[in-house]
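Colleague: As a plain string of letters, each chain reads:
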Amino acid sequence: MEYVFHWNIVFQKMPQLLHGAFVTLHLSVSAMLIGIVIAVLLAIAKMSKSRIYSLPATIWVEIARNTPALFQIYMAYFGLGALGIHLSPYVAVLSALIFVNAGYLTETFRGGFQSIPETQYNASKSLGMSSIQVYRYIILPQMFRRIYHPMTNQFVWSILMSSLGILVGMNELSGETQRLQSLSFRTLEFFIVAAIMYFIITKFVLLSASLVSKKLFKGDI
Amino acid sequence: MIKIQGVYKSFDELEVLKGVDLDVKKGEVISVIGGSGSGKSTLLYCINGIEKIQQGNIIVDEIDVHAKGTNRDNLRQRLGMVFQQFNSFPHLTVLENASLAPRIVKKLKKKEAIEIAKEELNNVGLSDKFDEYPTRMSGGQQQRLAIARALAMKPEYMLFDEVTSALDPELVGEVLDTLRMLSDAGMTMICVTHEIAFAREVSDKIAFFHQGIIEELGTPEQVISNPQKETTQKFLSKVLH
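Protein chains in written order, with my numbering: chain A, 3 to 223; chain B, 78 to 318.
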């Protein structure tokens, strides 16, 4: 069987593809940043001795880690839709990715927090710092260094998982590729180019993360 | 002045302090000696309110440490503490370690905080280490940093919790020298220590702790050279060989 590649049509549609790639990047960065903030709070809640805090955090983490991300996107889009809450594809995918990012990162952060000796907390308190200052200046900076690499892995995972946006008709890279190939029937060409774009995006994110870490983390841990 | 009155402290079932009374006057150096698990370190944690107490009072300059309305974060600015583990902040340089609390707790201007930190670091002999990260320094240097960091808050009292116990033997001297310097400068100090010779040399009073109470209290001559209680004699004969 002979397959003749036709790349021209793909190059013609490059602006749309690049826009899709931009939406993917934007979506994953937002899902990651918001996910990090929520995960810090969930990790602190999960370590709490009081069940009022730890139980909701545990439920969040268990559901996020033990159900398919696809179902979470469906729940946000079709599930909430059935209940009368209509989210746009972007918001639905974003919410689902935040939900699952926060779930996974909570466990990472909890491990990070627990790896910092309690004596660091006592020493900071003995200098007159408030609990919030201890977290802000002493605990969080050390915790983030220790979990930085697992965190960037989650970031890459989140970029690739955002391709599930295709299923709710979102215009991120996969959805856009799907739409464009169906207009031209050059399926293979479009998906090859999209795959290369995903590869470039994840490498770009990993490289930025490594540059940021060199700038940010000077001392030893 | 620090007044400790009838203090009881327990961790769940385990009673650690069983009625401790002790007064520390301004300018005094008091060493607390005794076996492991006798409650010496716990007493320090109770004085600055890191640990709660079940009964009794601890009054620091007329402020009841464990009263409900007490702002303990404020109170701790008066009570510097140095721990057995060095507890340097590994992500901050030496200078940042010492200037952070003056800046964020006392709200000093950055320049002012750095000046104070530099002065205290100079006093403990770390003037060539400002930009170093603590994990690259020896234990003795890290412990001197911890002392300078506490002193940069200009505390009225210093609490030392076995500050030489985690050090290699050859590094103990430099830290003890720093403590000597402080006591010469008139700092009020409570030192929980296993260094009996050092305690005898610098202390105005020595408190011997045994099973959660102060078994014997007096001048170094009274407690170390001429102990009255059998438990004190036993303890000293063990540690002095």
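FYI, nobody ran anything at the bench for these hints, they're computed from the structure.
Mixed in with the good hints there might be a few duds.
Said to hold, decoys possible - Under the rule of at most 30 angstroms between Cα atoms (straight-line distance), these lysine-lysine pairs were calculated in the DSS-like manner:
id: 1; chain 1: A; residue 1: K217; chain 2: B; residue 2: K206
id: 2; chain 1: B; residue 1: K95; chain 2: A; residue 2: K220
id: 3; chain 1: B; residue 1: K80; chain 2: B; residue 2: K95
Said to hold, decoys possible - Some but not every residue of chain A turned toward chain B, in silico, with C-beta under 10 angstroms:
id: 4; residue: F24
id: 5; residue: H28
id: 6; residue: P119
id: 7; residue: A125
id: 8; residue: S126
id: 9; residue: K127
id: 10; residue: S128
id: 11; residue: S132
id: 12; residue: R138
id: 13; residue: Y139
id: 14; residue: S215
The structure displayed is predicted, hence computed values, not measured ones.
All C-beta atoms, glycine included, are put in the ideal place defined by N, C-alpha and C.
Colleague: Could you work out which earlier hints the structure fails to respect and list their numbers in ascending sequence?
Modeller: Violated hints: 2, 4, 5, 14; rest satisfied.
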